[in-house]
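Enquirer: Take the two lone chains and join them into the complex the hints point to.
Taken in sequence, the protein lines are chains A and B.
Residues in the first sequence are numbered from 29 upward in steps of one, following my numbering.
Residues in the second sequence are numbered from 429 upward in steps of one, following my numbering.
Because the hints were derived from the structure by calculation, they are not lab data.
Quick caveat: nothing in here was measured; it's all calculated off a predicted structure.
If a hint is listed, it holds; no wrong ones were tucked in.
So the derived label-pair ranges between C-beta atoms look like this: (1) A:Lys238 <-> B:Gly662: 27 to 37 Å; (2) A:Ala144 <-> B:Pro529: 47 to 57 Å; (3) B:Ser678 <-> A:Asp257: 45 to 55 Å; (4) A:Gly163 <-> B:Cys594: 55 to 65 Å.
Just so you know, even glycine gets a beta-carbon here, dropped at the ideal spot from N, CA and C.
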Amino acid sequence: MNLSVTLGRMTLKNPVVLASGTCGYGREIAPYLDLNTLGAITVKGLSLFPWEGNPPPRLFEVRAGLLNSIGLENKGVERFLQEDLPFLEALDTRVFVNIWGKTVEEYVAVARKLDAIERIDALELNVSCPNVEKGGASFLLDPEALRELVGRVREATGKFLIVKLGPKLQDWEVTVRILEEEGAEALSVTNSFPAMVVDVERMDFVFAMKSAGLSGPAIKPLALKMVYDLVGMTELPIIGMGGIMTAEDALEFLLVGARAVGVGTANLVAPSSAADILEGIKAYLLRKDMENIEDLIGRVR
Amino acid sequence: MSFARICRKERFGERFVCFELEEGDIASQARPGQFVMVRPGFRVFDPLLPRPFAVLSANDDRFSLLFEVVGKGTELLSYLEVGDVVEVLGPLGRGFSLDAPFGILLAGGRGLVPLVFLAREFEKRGIPFSFFLGVRKRKDLALLRLLEDLPRVLWSCEEAVSGGFCGTVLDLVGKCLERALWQGARIYACGPEGMLRELVTVFPGKEEDIEVALEARMGCGFGVCLGCAIPRRGGGYWHVCSDGPVFRLSEVVL
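Isolated chain B (complex conformation) (with noise of 0.2 Å):
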C-alpha cells in the first residue's frame, strides 16, 4: 500500500464524493475498469478494511475516484479534505477489453465510473460510442457534470425531470437503440444487480460481447481472502476482486 494525497475534492449531488489523488505508479498503470482500496491515512482499525472503487481517470501523477456514501467507511472518507492522505492499493483487477468495433456504454448511477474512464479511453483511441447514464433521483443528475464534454450522451432520471426521459436506463435503450445498433457493437455496462440481469432480455443473443463490471463487498482486494465469490456459469465461483471486476455477461450467474 501507499499513501496518496487528496489534492481535490468536489461533490456531486447529495451522496457522492470525487477525489483526485496524488500518487504516480497507479495513475501511470491503472487500465478502465480496474479498482484500488482505499482506507483513512491515519490507520483506523475501524472501520476494519479499506474499501473497493473503480478508477474515474487517470494521467501522470494523478488519478481520481468517484464514489457514493452509502455506510460507515464511505461516509468516514467522505470528511476527508484537500491536505488529508489516504492509503491505498492498485491498480487491481482485470479491466475492459479495450478492441471494441464501437461502444455502448451503459451506466446505472455510480456504475458510471469505470465507463467514464472508458469513454475517455476510447476517444484517445478513436473508437466511437455512445453513453447511456441512469439514474434514480433527480439530484443525482449532478453525475451528469462527468459526461459534459463526450459526444453522444443519453440520460434517463426515474423521478420525472422536465426534458428529460423517465425511466431506467434501459427503458431508455429500448426506446432509442434499434437491434441494427447494436447488432455488431459490443456492450459495456455498469449498474445494480437488477439491472445488469436485464441485459441479456434487451440484447439477447449477446451475451458473449457484453462486458460487466461488478461491484462486491471485498476482504483483501488482490485474491487472498477469497470473500467477494460470485456464482460462476457452469458451477463453482468467481472471485470479483482477482478474475474480475469485469466480466462476459456470460461467465457469471447474476
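Bound conformation, chain A alone (with noise of 0.2 Å):
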C-alpha cells in the first residue's frame, strides 16, 4: 500500500499531519504517540521572543465544539532550538514548524533563525494574526499586508513555504492570486472559527478578548466547504484540517482534494487520535481495495 502523497516539492510518507498548537513543541506528545508513524508534525506558533499569551479562561468547550484564546502563547525561537530541536532532529519524519509575528520584520526574523536550521522541513505562516503597524487588522484581510509579509518571508528563507489561512478572507480570488505570485507553496486550510460565548449568570463576555476561535466537530463541515472551494481556485496543493476526529473525517477532505489532513483538536480529546486516523485510512484503503492513496485524492468533486 502506498500512502505517501506530494505537496509539491515536499514529500510526506502519509498525509496525517499533526496540526500547530494542538502538539506543543513535539516531545510533550510523544509519550503517547509515535510522531514517526505520522506524515509530519507542526510545531506551534513560534514568535522572535517568548510571549505570554492571554490571561484565563482561556477554554470553553461547546457542543461538540471547543473555543480557544490561548493568545499564541510560546517560548519564542530561541528557546525552542535550544530545548526542543534537539529532540525533533532524532524524529523520523517531516517537521513543520508554524510561525507568527506583530510585525512583518518579526516574522522575517523568525523565518530566518529557522531557515538556518536543516532539520525543519517547511514553514507555516500563520497569517491571522493583527498586524501592529497597521492598526491591528489581520493580515489575511489586507491584502496588500498579506502580499508583504509572504513575499518578504519567501525571500527570507528557502523553506517549503505552507500559508494557513483563517476562514475570514476579504476576497478569496484575491487573496489565492497574492499567495501564488509571492511563492506560497501550500495551503492549510482552515484555522479555527471566529466565536463567542456569553455567561448569562455574569452577563458578560467568558473571554476577556471577547472572541475566540472555534475548533472540533462543530466547524467540520464547514471547513470541508472551504477546503472544497479553494481545491476548486488553486493549483497549490492543500492541507485541510477543522474538526477532523477519525478516519472517515479524514477521508472526506481527501476526497475533496485536500492533498494531507492536520488533526487538531482531536490531539486534545485523545493524544492517539492522529495514529488511530491513519489506522483507519489504511483500513478504508484495504476494504475498498486500493493501492495508492493518490488515488483517493480529489475523487469527490
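Expert: Given below as C-alpha cells:
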C-alpha cells in the first residue's frame, strides 16, 4: 500500500499531519503517540520573543466544539532551538514549524533563524495575526499587507512555505492569487472560526478578548466546504483541517481534494488520535481494494 | 489513552460518584496529587474533551476516582455502571511532596480526593498527620465514609448539624490549631479557590510550606494546549496540568 503524498516539492510518507498548537513542541505528545508513524508534525506557533499569551479563562467547551483564546503563548524561537530541536532532530518524520509575528520584520526574523536549521522541513505562516503596524487588522484581511508579508518571508527562507488561512477571507480569489504570486507552496485550510460565548449569570463575555477561536467537530462541515472551494480555485496543494476526529472525517477532506490532513483538536481529546486516524485510512484503502492513496485524492469533486 | 473497566461504583450523598477502575499501569504509577483524564469509552464527541479527576486511591491493578456531578461531562459519566468502560489517560501532573515531618491536610468538599490518597501514603510511611474536612451541605457529610479508618479527622459543615462544628474548614482550623501546632508542619490543601486564597491569612508567613492542589478547566491534560493557565507569582503563567496541579502557595496568584 502506498500512503505517501506529494505537496509540490514536499513528500510526506502519509497524509496525516499534526496541526499547530495541539501537539506542543513535539516532546509533550511523544509519550502517547509514535510521531515517526505520521506524515508530519507542526510545531506550535513561534514568535521572535517569548510570548505569555492571554489571561484565563482560555478554554470553553460548547456542543461538539471547543473555543480557545490561548493568545499564541510560546517560548520564542531561541528557546525552542535550544530546548526542543534536539528531540525533533532524532525524529523520522517531517517537521513543520508554524510562525507568527506582530510585524513583518518579526516574521522575517523568525523565518531567517529557522531557515538555518537543516532539520526543519517547512515553515507554516499564521497570517491571521493582527498587524500592529497597520492598526491591528489581520494580515489576511489586508491584501497589500499579506503580499508584503508572504513576499518578505519568501525572500528570507528557502524552506517549503505553507500559508495557514483562517475562515475570514476578504476576497478568496484575490487572496489566493497573492499567495501564488508571492511564492507560497501550500495552504493549510483552515484555522479556527471566530466565535463567542456569553456567560448569562455574570452577564458578560466568557473570554477577556470577547471572541475566541472555535474548533472541533462543530466546524468540520464548514472547513470541508472551504477546502472544497479552494481546491477548485488554485493549483497549490492544500492541507485540509478543521474538526477531523476520525478516519472518515480525514477521508472526506482527501476525497474533495486535500493532499494531506491536519489533526488538531482531536489530539487534545486523545493524544493517540492521529495514529488511529492513519490506521483507519489504511483499513479503508484495504476495504476499497485501493493500492495508492493518491487515487483517493480529489475523487469527489 | 487506555480503556478501563468500571469494577465498582459507589455514590456519596447526592452529587458524588466514586468509580473503581481496572487499569494496571495507572494503578501502579499514580502518586498522591496526580490526576487522570477520563471520557466515556463509547467515544462521544459531545461532550468533547475528557475531564480531569484527581486519583483517590491506587493499588496493584486498580485505582479509584471520586467526582462531583457539576455539569454535562460529569453527569454523563455518572450514568455509567459497573462493567462499562471509560477511556483514561494518566497518571498526569506533579503530585504532593511526601517528605513532611508532620502533615496538616485541609480539604474543602471534593478537594478531599487527592488528600485522602496522601493520607494513606502518610500512613504507609509513618508520617503523622491531621485531616480537616469542611463541606457546605449536611448531605455532603456522606464523604466522611472515606475517612472512617483514619486517625485525627476533624470536620465541619456550613449547615447546622447536631454535634458538628458549624462553619468552613478554615473556621474549624482557626478554632483548634494554634500556631505552635502548625509551625513545624507542612500544610496540604485542596478546595474551592476562596478557601485556598484565605490560607495565607490563617497561616501567616507559611506560604513556602503550603502545598495546594488546584483545579482547572483543561483541554488536553498533558501540556500541549496551554488552556489551563493560572497567574504565576512574579509574572507569566503556569499550566495547571503540566506544572501542577500541586503548587506551593508562594508560586501562584490565586
